[in-house]
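Enquirer: Sequence:
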Amino acid sequence: MLDKTFDPTAAEPRIYARWEESGLFAPKTDGAAEAYSIVIPPPNVTGSLHIGHALNNTLQDILARYHRMKGKAVLWLPGTDHAGIATQMVVERQLAAAGNVGRRDMGRDAFVAKVWEWKAESGGTIVRQLRRLGASCDWSRERFTLDEGLNAAVRKVFVQLHRDGLIYRDKRLVNWDPHFQTAISDLEVEQREMDGHYWHFAYPLADGVTYEHPVAYDGDGQPTGYETRDYIVVATTRPETMLGDTGVAVHPDDARYAGLVGKFVTLPIVGRRIPIVADDYADPAKGSGAVKITPAHDFNDFQVGKRAGLAALNVMDAFGRITAADAPDVPAEYEGMDRFAARKAIVARAEAEGWLKEIEKTRHVIPHGDRSGVVIEPWLTDQWYVDAHTMAQPAIRAVEQGDTVFEPKSYEKIYFEWLRNIEPWCISRQLWWGHRIPAWYGPDGTIFVEENEDDARAAARHHYGAETPLNQDEDVLDTWFSSALWPFSTMGWPDDTEDLRRFYPTSDLVTAADIIFFWVARMMMMGLHFMDEVPFRRVIINGLVRDEKGQKMSKSKGNVIDPLGIIDELGADPLRFTMAILSGTRDIKLSRQRIEGYRNFGTKLWNAARFAQMNEARRVEGFDPANVEQTINRWIRGELTKAERGVSEAIEGGRFDDAASALYRFVWNVFCDWYLELAKPVFMGSDEVARTETRAMTAWTLDQTLKLMHPVMPFITEELWDKLAGEGAPRAEAALIGAAWPDLPDAFIDSGAGAEIGWLVDLVTEIRQLRAEMNVPPSAKPPLAFVAPDVVTAERVARHRDLILTLGRAGVLTTVDAAPNGAVTFVSGGATAALSLAGIIDVTAERTRLTKEIAAFDSDIGHVNKKLGNPNFVDRAAPEVVDEQRQKLAEAEAGKAKLQAALARLDAVG
1 MLDKTFDPTA
11 AEPRIYARWE
21 ESGLFAPKTD
31 GAAEAYSIVI
41 PPPNVTGSLH
51 IGHALNNTLQ
61 DILARYHRMK
71 GKAVLWLPGT
81 DHAGIATQMV
91 VERQLAAAGN
101 VGRRDMGRDA
111 FVAKVWEWKA
121 ESGGTIVRQL
131 RRLGASCDWS
141 RERFTLDEGL
151 NAAVRKVFVQ
161 LHRDGLIYRD
171 KRLVNWDPHF
181 QTAISDLEVE
191 QREMDGHYWH
201 FAYPLADGVT
211 YEHPVAYDGD
221 GQPTGYETRD
231 YIVVATTRPE
241 TMLGDTGVAV
251 HPDDARYAGL
261 VGKFVTLPIV
271 GRRIPIVADD
281 YADPAKGSGA
291 VKITPAHDFN
301 DFQVGKRAGL
311 AALNVMDAFG
321 RITAADAPDV
331 PAEYEGMDRF
341 AARKAIVARA
351 EAEGWLKEIE
361 KTRHVIPHGD
371 RSGVVIEPWL
381 TDQWYVDAHT
391 MAQPAIRAVE
401 QGDTVFEPKS
411 YEKIYFEWLR
421 NIEPWCISRQ
431 LWWGHRIPAW
441 YGPDGTIFVE
451 ENEDDARAAA
461 RHHYGAETPL
471 NQDEDVLDTW
481 FSSALWPFST
491 MGWPDDTEDL
501 RRFYPTSDLV
511 TAADIIFFWV
521 ARMMMMGLHF
531 MDEVPFRRVI
541 INGLVRDEKG
551 QKMSKSKGNV
561 IDPLGIIDEL
571 GADPLRFTMA
581 ILSGTRDIKL
591 SRQRIEGYRN
601 FGTKLWNAAR
611 FAQMNEARRV
621 EGFDPANVEQ
631 TINRWIRGEL
641 TKAERGVSEA
651 IEGGRFDDAA
661 SALYRFVWNV
671 FCDWYLELAK
681 PVFMGSDEVA
691 RTETRAMTAW
701 TLDQTLKLMH
711 PVMPFITEEL
721 WDKLAGEGAP
731 RAEAALIGAA
741 WPDLPDAFID
751 SGAGAEIGWL
761 VDLVTEIRQL
771 RAEMNVPPSA
781 KPPLAFVAPD
791 VVTAERVARH
801 RDLILTLGRA
811 GVLTTVDAAP
821 NGAVTFVSGG
831 ATAALSLAGI
841 IDVTAERTRL
851 TKEIAAFDSD
861 IGHVNKKLGN
871 PNFVDRAAPE
881 VVDEQRQKLA
891 EAEAGKAKLQ
901 AALARLDAVG
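Numbering (our numbering), first residue to last: 1 to 910.
Since the hints were made in silico from the structure, they are not lab data. Heads up, a few of these hints could be off.
[To be verified] Pairs of lysine-lysine, BS3-like flavour, derived with a Cα cap of 25 angstroms: (1) K604 with K557; (2) K898 with K888; (3) K70 with K707; (4) K70 with K549; (5) K552 with K413; (6) K28 with K70; (7) K781 with K898; (8) K852 with K70; (9) K781 with K549.
[Said to hold, decoys possible] Just the calculated beta-carbon pair ranges, DEER-fashion: (10) M106 with K555: 57 to 65 angstroms; (11) G271 with K171: 36 to 44 angstroms; (12) Q593 with G402: 23 to 31 angstroms; (13) R307 with S140: 31 to 39 angstroms; (14) T603 with D30: 49 to 57 angstroms; (15) D382 with R420: 25 to 33 angstroms; (16) M1 with K555: 39 to 47 angstroms; (17) M1 with A626: 30 to 38 angstroms.
C-beta atoms are modelled at their ideal positions from N, C-alpha and C, and glycine is treated no differently.
All chains, full assembly: derive it from the sequences and hints.
Expert: Printed below as a string of structure tokens:
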């Protein structure tokens, strides 16, 4: 006999170990089986399972399990990312905490060896956690972005792209992290809104130039007063960068400065003569309308500088300290000064010398390194780049012509927007942990790009005519570079492997919207370039998990839901089901209460299995559901078939929420609430033929239900499959994970049985709702009468008399020509019925109760309407708060209407 409850703590590790040992995570070797493949978005090797991982991997696992049960050869290929900057930071912190020397004192080789040691000891954490979630990956094929096979792929790709002219070295602006002394990607930049200042500086005009600056305006905005100025005012939030200014920009249509374009200013402190240029970047309505231009330290200024031919002078070093290396006119007193110390010194000097005109408080967004937490510095430096614009064109065409599709389709717009406006991709990082760039430098700076050092030396001998010492580039590649090769490098490329031939291109990619540009688009570029095929046929974008109020989860807010804590307490299945059923929106509002609610769903399924077991529902050898005769059995067969269609179509379409909803409706509302209720009298009745058939049908339906549920809730379904294995005839499949998906013909849908049981369900539902509305005591069994029923209804009433009396809790069931006095009438299935309540309920008390509850709803409706009628509330409140109020209003109005109908019915009682 089944235990009273399912114990996930004991069962899940045991079940998962059995799955792994079975070898069923690996794809079928049967060459005739259709291939289905999906590569896991590789989590950082430093990571722990967070709620986003739980969502993403649950959806992937649903796909893998479903297609596996459909008989396909499924490859869900797992692996982890070496996470260059994150991993290097973890190990550096460990070294510091242990009192060891820093990485620079250790040297590169010793430090990298230390990181490999850390990876061997601690790098498998998230992989173990994915197992706890139930991820059915083929762990025998697990890859790591720094393993030898992927190293070879990365080197080959770099060399080939360099030979194709698509990788090159250039001096451009990058996001520079002064703490780690490396360039970082936009994804590693965290934008923080902070208090700051605009410092307004007066830059003196050179060569004795003056101009008339408007200082007074009429009502139409036309200048009416002027003053003569020998300076132009610029405003900046970063005074330290002025040491690198090489121009001042004004808008070409700004009449105030029209006469100054082409003139010069003398840069304070430095004395540098810099031009005033016209450029659309300057906004006449912002500040003074004049903008200082520092091409080497601001991304917008860099573009203005290119257009105007301005020099780009680096005035900071890799640590964010002032340097005169590019700008000898920077005074020596600033050399080596931290950028923020230089800011204070420059502002103090401006105030002392009188060219600080104003300090304006502001609140602005400042970029920070997401790992280091320091302010990012736009910095001009030599880096390696990919010609992303050229590589983007085939990736754009592939989606335009439908070779790869996005679900939801709306995300294609984000993909196109980024690719059509793409900038060169900076792929070099000043780190030690990662794929070292396969480029070697000769004594004269000649670069030799080869897959290994021997080939580089051979190329150098050919170039120089003799053996020549070479130095390998110190930088490593951006982590996203190796990740961009993930779909084909993990399958053995550049070798021509069986996995590549069978599983590339992959079928689906499930990922988040925020890495469409950083990962999805780049995989498309690389896949098309090296494989001449898209890397995946479909991209399914999952939403962002937020808290129940729609706010982003963060440790500082204390609203983070830890998936491992949930699994410890409630098990993996409730978390997985919650992830699936909420996955249909961009912003998923998650609460612990929702997860607990779906644990109850699992309990409902478990109890249904116990009920079936207690009523001797066992599999019968040779049982064929096509031959059942009982109406309820023909009905549940059709409902199961419709549920299977709904679940299959939803999973195939990537609509996991629809799949979970279809499962919930069938299991809870149809199978448990109605079929088993309808089967109870049969189990307890004297009709042996009906009882035997219904027991067999219950066992068969339960088995099919477990199959349908398995992709979403694999642990509890596998446990039930195993525990019920001895209930009757043996099954073909020992493990549910290896079972075939239900194959149910359309003929299983019996419209007659559906209409009959549908009529019965609607009738009982109507009676129960009426009893609840009228506050009928649970023990009361009021008489029920059908008023002048037609022949079909009369026959149905006769066939289901006992069920109607039992499930509707009615005392007697009759047919009458007119509704009795003191009865409440209602219509169900086209027939009029009357429930006699006179003497059963206190009409006066009920009228008072209903009137009071209606008044409460009126109060709620008025309160919410007042809020929603206030423009300040609607405009200023968070959208989710406004939506919540609108939902409250709809619920209150529906509740009021329901009670008003009940109040009207009381008039019939007396």
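Enquirer: Any hints from earlier that this structure breaks? Give me their numbers in increasing order, please.
Expert: Hints 1, 4, 8, 9, 10, 11, 12, 13, 14 contradicted; others consistent.
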